[in-house]
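Each chain is listed here by its residues.
2 protein chains.
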Amino acid sequence: MYGRFGKIKTHPGKRDEMVEILLRAADGLSEFEGCYLYVVNKDKTDPDTIWVMEAWRSQDDHRASLALAETQAMIANARPLIADLSGGMEFNPVGGKGLTDMTD
Amino acid sequence: MYGRFGKIKTHPGKRDEMVEILLRAADGLSEFEGCYLYVVNKDKTDPDTIWVMEAWRSQDDHRASLALAETQAMIANARPLIADLSGGMEFNPVGGKGLTDMTD
Chain A
718 MYGRFGKIKT HPGKRDEMVE ILLRAADGLS EFEGCYLYVV NKDKTDPDTI
768 WVMEAWRSQD DHRASLALAE TQAMIANARP LIADLSGGME FNPVGGKGLT
818 DMTD
Chain B
718 MYGRFGKIKT HPGKRDEMVE ILLRAADGLS EFEGCYLYVV NKDKTDPDTI
768 WVMEAWRSQD DHRASLALAE TQAMIANARP LIADLSGGME FNPVGGKGLT
818 DMTD
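Chains as they are written, first to last, in the working numbering: chain A, 718 to 821; chain B, 718 to 821.
Derived by calculation from the structure, the hints in this document are not laboratory data.
Nothing here was measured: the structure is a model prediction, and the numbers come from that model.
Positions of the beta carbon are idealized from the N, C-alpha and C atoms, including for glycine.
Incorrect hints may have been included.
[To be verified] Rough simulated footprint, nothing fancy, chain B against chain A, three-plus residues with beta-carbon under 8 angstroms:
1. 721-734
2. 776-784
3. 808-814
[To be verified] Label pairs and their calculated CB-CB ranges:
4. A:Gln776 - B:Gly751: 30 to 36 angstroms
5. A:Lys731 - B:Ala786: 41 to 47 angstroms
6. B:Asp777 - A:Met806: 43 to 49 angstroms
7. A:Gly805 - B:Glu748: 31 to 37 angstroms
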């Protein structure tokens with residue numbers, strides 16, 4: 718499994734718009750079987766920061782999702798809202814509640 | 718909703734043992750309806766670091782889980798393995814794949 722925890726800092730006041738784009742992206746991944754989790758979170762203290770927690774069957778599945786036409790359109794819509802994408806990280810999901818059901 | 722991304726650094730060589738404890742904790746939460754996600758991840762570069770991504774219906778649900786006898790026993794088992802717990806964060810989950818199903 719392949720996991721990501723990505724930080725997205727938007728331009729001031731653009732977080733809600735970005736959240737909507739990301740929730741639509743998550744909806745678009747609902748039938749993508751290589752994606753186990755794509756959870757959108759608002760930072761508690763910075764009003765312009767979003768954290769996306771992702772778990773994928775493999776890094777190749779994540780790469781394949783980036784090539785989808787829907788993903789490319791989402792990225793094009795999102796780009797003007799984004800101020801900074803640094804500060805994320807990758808890890809290896811092992812299991813747990815919310816993940817076990819998908820990998821059994 | 719209430720979210721946490723917790724960093725656990727174990728004493729050298731103790732990560733696998735800690736992962737097993739956390740997976741049992743996640744299993745114990747399977748019927749706890751206030752817990753939506755409890756996902757255990759291994760850091761990709763530090764062999765002694767674990768990240769736990771959690772989503773709860775509310776912060777009160779998280780607090781209630783800490784009071785469970787099973788949780789207290791888990792914490793007692795885990796404590797000798799832990800070197801450091803700093804470096805985590807809290808946030809507000811909004812939705813997304815893996816979360817929507819539980820909150821609809």
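Now the hints, each set against the structure:
no. : hint                                    : in the structure
1   : 721-734                                 : violated (count 1)
2   : 776-784                                 : violated (count 0)
3   : 808-814                                 : holds (count 7)
4   : A:Gln776 - B:Gly751: 30 to 36 angstroms : holds, 32 angstroms
5   : A:Lys731 - B:Ala786: 41 to 47 angstroms : holds, 46 angstroms
6   : B:Asp777 - A:Met806: 43 to 49 angstroms : violated, 29 angstroms
7   : A:Gly805 - B:Glu748: 31 to 37 angstroms : holds, 33 angstroms
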